[in-house]
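Sequences listed follow chains A and P, in order.
Per this note's numbering, the first sequence starts with residue 4, numbered consecutively.
Per this note's numbering, the second sequence starts with residue 8, numbered consecutively.
I should point out that these hints are in silico values taken from the structure, not numbers from a laboratory.
Check each hint, because a few of them may be wrong.
[As the list claims (entries may be wrong)] In silico EDC-like pairs for lysine to aspartate or glutamate, Cα to Cα no more than 20 Å straight-line:
| hint | chain 1 | residue 1 | chain 2 | residue 2 |
| --- | --- | --- | --- | --- |
| 1 | A | Lys77 | A | Glu44 |
| 2 | P | Lys190 | A | Glu258 |
| 3 | A | Lys126 | A | Asp116 |
| 4 | A | Lys88 | A | Glu48 |
| 5 | A | Lys96 | P | Asp201 |
| 6 | P | Lys190 | A | Asp98 |
| 7 | A | Lys31 | A | Glu218 |
| 8 | A | Lys283 | A | Asp376 |
| 9 | A | Lys129 | A | Asp150 |
| 10 | A | Lys123 | P | Asp201 |
| 11 | A | Lys31 | A | Glu48 |
| 12 | A | Lys126 | P | Asp201 |
| 13 | A | Lys88 | A | Glu51 |
| 14 | A | Lys188 | A | Glu218 |
| 15 | A | Lys96 | A | Asp86 |
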Amino acid sequence: MTAGPRPRTIANKTDDPPADPASLTLQKVSKHYGALRAVDEVDLEVREGEFVTFLGPSGSGKTTTLQIVAGFTKPTSGKVLIDGKPVTAPPHKRDIGMVFQNYALFPHMTAADNIGYPLKIRKASKKERRGSIAEALDMVGLAEHGDRYPSQLSGGQQQRVALARALVFRPRIVLLDEPLGALDKKLREHLQLEIKRIQHELGITMVYVTHEQEEALVMSDRIVVFNEGRVQQVGTTEQIYERPASLFVADFIGESNIFQGSLEDHGGTRYLVSRAFRFKIPTNVSSPADDGPLALVVRPERLRILRPDAHTQVEENTVEAVVEDVIYLGNERRYTLVAASGHNLIGRHQVGVSSGDSPLVGTKVLAVWHVEDSIVVPIG
Amino acid sequence: MAAGLRKASPRRGNRWAWFVLPALLFLAVFFVYPLYEMLNRSFTEPDVGLQNNVAFFGTDVYVRVLINTLRISFLITAICMLFAYPYAYIMAHASRRTAGVLLIAVLVPFWSSILVRTYAWAVILQDTGLINSLLLGLGLVDEPLSLVRNLLGTVIGMVHILMPFMVLPIYAVMKGIDTNLVKAAANLGSSPLDAFRRVYLPLSLPGVFAGSLLVFVLSLGSYVTPAVLGNPDQAMLGQVIVTQVQSLLNWGMGAAMALILLLVTLLILAIAGRIVNIGDAFGGRTTD
Numbered sequence: 004m005t006a007g008p009r010p011r012t013i014a015n016k017t018d019d020p021p022a023d024p025a026s027l028t029l030q031k032v033s034k035h036y037g038a039l040r041a042v043d044e045v046d047l048e049v050r051e052g053e054f055v056t057f058l059g060p061s062g063s064g065k066t067t068t069l070q071i072v073a074g075f076t077k078p079t080s081g082k083v084l085i086d087g088k089p090v091t092a093p094p095h096k097r098d099i100g101m102v103f104q105n106y107a108l109f110p111h112m113t114a115a116d117n118i119g120y121p122l123k124i125r126k127a128s129k130k131e132r133r134g135s136i137a138e139a140l141d142m143v144g145l146a147e148h149g150d151r152y153p154s155q156l157s158g159g160q161q162q163r164v165a166l167a168r169a170l171v172f173r174p175r176i177v178l179l180d181e182p183l184g185a186l187d188k189k190l191r192e193h194l195q196l197e198i199k200r201i202q203h204e205l206g207i208t209m210v211y212v213t214h215e216q217e218e219a220l221v222m223s224d225r226i227v228v229f230n231e232g233r234v235q236q237v238g239t240t241e242q243i244y245e246r247p248a249s250l251f252v253a254d255f256i257g258e259s260n261i262f263q264g265s266l267e268d269h270g271g272t273r274y275l276v277s278r279a280f281r282f283k284i285p286t287n288v289s290s291p292a293d294d295g296p297l298a299l300v301v302r303p304e305r306l307r308i309l310r311p312d313a314h315t316q317v318e319e320n321t322v323e324a325v326v327e328d329v330i331y332l333g334n335e336r337r338y339t340l341v342a343a344s345g346h347n348l349i350g351r352h353q354v355g356v357s358s359g360d361s362p363l364v365g366t367k368v369l370a371v372w373h374v375e376d377s378i379v380v381p382i383g
Numbered sequence: 008m009a010a011g012l013r014k015a016s017p018r019r020g021n022r023w024a025w026f027v028l029p030a031l032l033f034l035a036v037f038f039v040y041p042l043y044e045m046l047n048r049s050f051t052e053p054d055v056g057l058q059n060n061v062a063f064f065g066t067d068v069y070v071r072v073l074i075n076t077l078r079i080s081f082l083i084t085a086i087c088m089l090f091a092y093p094y095a096y097i098m099a100h101a102s103r104r105t106a107g108v109l110l111i112a113v114l115v116p117f118w119s120s121i122l123v124r125t126y127a128w129a130v131i132l133q134d135t136g137l138i139n140s141l142l143l144g145l146g147l148v149d150e151p152l153s154l155v156r157n158l159l160g161t162v163i164g165m166v167h168i169l170m171p172f173m174v175l176p177i178y179a180v181m182k183g184i185d186t187n188l189v190k191a192a193a194n195l196g197s198s199p200l201d202a203f204r205r206v207y208l209p210l211s212l213p214g215v216f217a218g219s220l221l222v223f224v225l226s227l228g229s230y231v232t233p234a235v236l237g238n239p240d241q242a243m244l245g246q247v248i249v250t251q252v253q254s255l256l257n258w259g260m261g262a263a264m265a266l267i268l269l270l271v272t273l274l275i276l277a278i279a280g281r282i283v284n285i286g287d288a289f290g291g292r293t294t295d
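Here chain A stands alone, though its shape is the one from the complex:
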């Protein structure tokens, strides 16, 4: 995964109480459609200048939450606060920028007129408008395209115009609803970094909705993982990946090897046990309140694949397996293993870093990981 450089300064404060008043706060926001809880008691604080991503599968409530912030959807209950003040104003009085999934550029206006629209509404003088439009076009790299109509622009260019339009009136917060969903991968990656750069330059607060975990990891200071209308976890990209709060989060973000079992304690050493296996787990894992089942998650890059007779450490868990497939991806090799217990395992090793020969398909191997690399999460 090629993550771009991320400013960590804001993100690292996550666990501290917020120093500044939150730019955007959601308090127990819910939206119910009959029995369906599209959004269910969402609590969230977004700080000034932060880039927060709502990540989740479709229908998880992330877009509805964004629509509530923009004012297009009225919450069933709960409050939205901007700079500590509750907002109930209609959308046109909220001063929040928004970039829509399908760009929503006005087809009867040129790119420049689209960008100038919010300024015109705000009664900026013609001269002011011209200056701001030129600046905004320049910022998104479309200085030469101001007189084109949306239909004369490519998808990527249209998205840039939409972005410029959402930024030109200097809103405090900009919402982006899957803005790159319709673009091809290469362009998407390019625009991800560009949006990030602009956000950083302007110091603007951005809330970004996506169902692409990779996009979320690349762009965000913090990620809010949604599922079934509820917030599953809020954290920095590292926290979400390294310390997922639930099996859903572990499974949804990144690839995972998952073993389900129950906790057992033998003389201070803790194990996750099922009929098929018995793995040591980190000592700091506490028993779930309801004594329910747990899942042990190992990230593929933490899994070492060794010869069956290899010597392993006490602080390591081992699984006997057979190599089912090896895929060479240029920068890494991806292994698919079938364990004796029947579990399917995935390993990923960077080419040129891992020493030794690559095991061949059909050979017996030992899949090994360090106890401390075990992520234990509750199921459900």
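Given chain A, put chain P in place with the hints provided.
Quick look at chain P alone, frame taken from chain A:
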């Protein structure tokens, strides 16, 4: 329409173009030939020359009829537009069920003959008709209102008949407007009314334009409704043509009038074509 024909022409040797041949043959035999025949008569009956056209523009009554026809058509178009725009808007933004009911309500008139509908209006609007009996019965008026055999009757009947031609093109265009555009306008600071004025209205205008063109052109050539519901002293050109041909057997003059009506219609289409792309207005796609 003109744009449709242009589109169908076999450009770049499209072999499917042959499929328009039957339609073209049909038009040639049953439209172009009679048109030619009429053109011919207007200049040859009773004598060869421009005498019919000279007589038309030299006769005060005829010129007044032409102006009257244009005026009534314009009025009908304006009233249709006024009713149809909000109707189409509600239809385009209502639930699917409501939209279906509204659509059927506007299409039902299509399913019965114009003559039947027109006489039905006469029955409803006449002095002893439904409306006047009701008003008299309730004591709201002392003597029957004159609702028919005048301009009002013509307009009521024509608006009813032509409403679908205004509603449907507007509805089609409105259906194609991305709802996110109005949201985007609101997000950028436009009040609902402002968003409508700056974004929705301009985007829906092609539909209004298409509908107006249809209604106006159809009004120009109307005959049955003004004949039954209108004031005989304020005849429209269609009525006068019928009188010329049927009562006076003056084919030359009738043909000349028909030709003038046709030219006026073409002129309007030509002017309209300069303002917007007619193909666009009727839902034809133009690619850049």
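*State the violated hints by number, sorted upward, taking the hints as numbered earlier in the document.*
As far as the earlier hints go, 2, 7 are violated by this structure, in ascending order.
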